[in-house]
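So the protein sequences, as listed, match chains A and B. Numbering-wise (this note's numbering), the first sequence opens with residue 1 and increments by one. Numbering-wise (this note's numbering), the second sequence opens with residue 1 and increments by one.
Hints were generated in silico from the structure; no laboratory data involved. Heads up, a few of these hints could be off.
[Stated by the list, open to error] Only pairs whose alpha carbons sit at most 25 Å apart, straight line, appear in this in silico SDA-like list of lysine to any residue: (1) A:Lys71 x B:Lys245; (2) B:Lys71 x A:Tyr189; (3) A:Lys245 x A:Asp221; (4) A:Lys374 x A:Asp430; (5) A:Lys149 x A:Gly272; (6) A:Lys27 x A:Asp430; (7) B:Lys374 x B:Arg433; (8) B:Lys71 x A:Lys149; (9) B:Lys27 x A:Gln210; (10) A:Lys245 x B:Arg77.
[Stated by the list, open to error] If the Cβ cut is set under 8 Å, some of the chain B residues that face chain A in the computed set are: (11) Leu14; (12) Thr26; (13) Glu28; (14) Ala159; (15) Glu163; (16) Gly178; (17) Ala181; (18) His199; (19) Pro321; (20) Ala322; (21) Thr396; (22) Val398; (23) Gln399.
Ideal Cβ placement from N, Cα and C applies to all residues, glycine included.
There are 2 protein chains.
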Amino acid sequence: MTLQSPLTTDLYELNMIQAYLDRGETKEAVFEYFVRRLPARRGFLLAAGLDDALSYLEGLQFSAAEIDWLKSTGRFRHNLIDYLAAFRFTGDVHAIPEGSVCFPNEPLLRIMAPLPQAQLVETRLINILNFQTLIASKAARMVLAAPDKVLADFGLRTAHGAEAGLYSARASYIAGFGGAANVEAGQRYGVPIVGTMAHSFVQVHDDEMQAFENFARARPDGVILLIDTYDTEAGARKVVELAPKLAEDGISIRGVRIDSGDLAEGARMVRGILDEGGLTSVIILVSGGVDEDVLLNMAKAGAPIDGYGIGVSLATSIDAPAFDCAYKLQEYGGQPKRKLSAGKQTWPGRKQVWRAYDTDGRMAGDILSTETDKQPGEALIVPVMRGGKRIGTAPTLVQIRERAARDLARLPEPLRLLQDGAAYPVEVADDLRNLAAQTDAAVKR
Amino acid sequence: MTLQSPLTTDLYELNMIQAYLDRGETKEAVFEYFVRRLPARRGFLLAAGLDDALSYLEGLQFSAAEIDWLKSTGRFRHNLIDYLAAFRFTGDVHAIPEGSVCFPNEPLLRIMAPLPQAQLVETRLINILNFQTLIASKAARMVLAAPDKVLADFGLRTAHGAEAGLYSARASYIAGFGGAANVEAGQRYGVPIVGTMAHSFVQVHDDEMQAFENFARARPDGVILLIDTYDTEAGARKVVELAPKLAEDGISIRGVRIDSGDLAEGARMVRGILDEGGLTSVIILVSGGVDEDVLLNMAKAGAPIDGYGIGVSLATSIDAPAFDCAYKLQEYGGQPKRKLSAGKQTWPGRKQVWRAYDTDGRMAGDILSTETDKQPGEALIVPVMRGGKRIGTAPTLVQIRERAARDLARLPEPLRLLQDGAAYPVEVADDLRNLAAQTDAAVKR
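One chain only, chain A, in its complex shape (with noise of 0.2 Å):
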């Protein structure tokens, strides 16, 4: 249910293929997607997005409705529109698994196929890797912010759109968020649901206590009451008295959600209150302006929250709302390619990323060099879809947070600890530094 129209794609993508058919210019092409820079504050990335592209790779076909309005706009001519009605995505892809901690420079996803079908693909992956990788990395600092703590991702209201949503539902439950409230991600890709209850059903009813009697009812599982929507003092005091009165029914109250005022000063207050009236297994679960930054305080302050919805923060990854990123060209027709643009140079050809582990199984630094050349160390970087199919099972989700689980754990502690200015060493091979040189020499200013 995403959108995968072709159409999702620069205009330039086709001008540019108008001219390679043109001219019969549909040698191999080889493009890489990564990272230029970490935004500020940043230690590392969290891959995410894969499995998507892929998909978006294995589906990409124009409809005649599609073709049809190309034609009708009259700026291309019958060989593309011929070749688009065609298309089909024929080529290999490498990549970095998805739920691998990697840094900038290293490529997340590499394409080798016919140039065109190569260029039109690219603002599309782009477009998923950069947004999903971008939002596994926020989440990823949340986790590693609140490793005992229950997180949610409460953001599909503020994402950017229903997709946003989604991805942000996907990719933070990669990082090892506990669930979404987004139901569409529930039903697409399998992740955790959770909910509690809004203002506006305190507001429906004359009385908060009634309105807490009647959501305990109608959701007898797993009850949580939202307590802030006049006091929250008042709110926690009517749970207090509402609990015995539910247990006759056999109905528990599971937790309670504090939305606004000082979050620890609130939970410290409501778990007073609580525990005094006997509800010490209640849990305290808290929202509103939550991130890490936030986590680490609270954890700082011992504030007995057992939960976070994490909105707003999380799903426009607020502070970096997009990484700094390229699908850059590396090799035509055999031939190695970088660009030299002020600012903006990029290393040439096939890369392969190796990766050393110290004695303690934490990562010590890695190799960027060309795909050939062996590094000691783990090879990052593996064949995943072949001639337009994809190769081998793709790995289910709970893997893929699986291996996220293992990466963030293997992280440097200065990493870990989300320590500002925490660097990691990514080398670049003398192979591929060679490489570089030669190709600059190769182009004809």
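With the hints as your guide, set chain B onto chain A.
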């Protein structure tokens, strides 16, 4: 082709509907959507997204597969499943028209519908209106910063998913952009599509000059050449050298694009080379890191730039990637409502916004009132849907864009000049203040 799954909603909406249906709580509810406060440095909002919001309401229904999936979760009882299987939105909608300038606390949209209906649509309505208004408001700043330049949305690749790219193209066109690179925005909304070429096109060729010539011959109408792949100065000189040869075949170069380096300095250097070469009518477009501050600086510097391609700063609204906004219950079964959560009080009841103009036709101030409390000025909120059907003919995108141009022209000068801290007066009428006091008194805490 947008995601219009009815499952694009938060689980808590379904939880609440279950409780409402269990108790027959289906009286008319009135919800209003509004932005709570402006982000830093912002002075106004530009309303957008209404047409997509109304299309969502009109088309909202559950497929058999979606109903089966909801059943399979085991979370919902038969009464809810049956209700959803037969669901259609039958309510009324009032709204501020798209393309209108507006301000915090002014309802952009009011839903009047049976409570479960009004609740189900909450998440997706916020999702559409928050994002399109966000982008239109950001784009309007860019248009005001560069009123005589052509601006184009290049943001699809780093937009948050395909729908974000599509909505960004629509919203920025409303605000006054000239077009977008996103091909689907052309097909779907009729947004003018624009495009040049990528660095990869130049890199594919062994010789940059040959690349320029091949591209020009393939795209003879209005070709724009990207000249910074290796060296901007050399690129510009090649354009001068190539132009006479192309002219022999009736092909004229419309412009060049620079995507890196110091944009003002680069443009000045390139303008000099082009003019010296007799190419005074060849325009200069730039891209890369452009936002409204860059546009203001380029204007101040008198940089000879004719147009801008704007990507990530537009399509993510990078300085403020979401509004603090709300969809709040204002009335239920004829009783006004509001929540009192710490720091989050809202104005109750159905409201109207009245706008006064000074003798020059500039906006002079707004009054927020109860719906029936007539105040001086123009009433901004109008009926747009009745009984689930649109009222009258929807305005075209061009008409919406004209309204935006008119409203942006009527902004007070400090807001038009994007002066930090410039504020606009929005007064709350006495009747509305009284209603709030009465509403609070009626709540049983």
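Looking back at the numbered hints, which does the structure fail to meet, lowest number first?
Numbers 1, 6, 8, 12, 13, 16, 21, 22, 23, in rising order.
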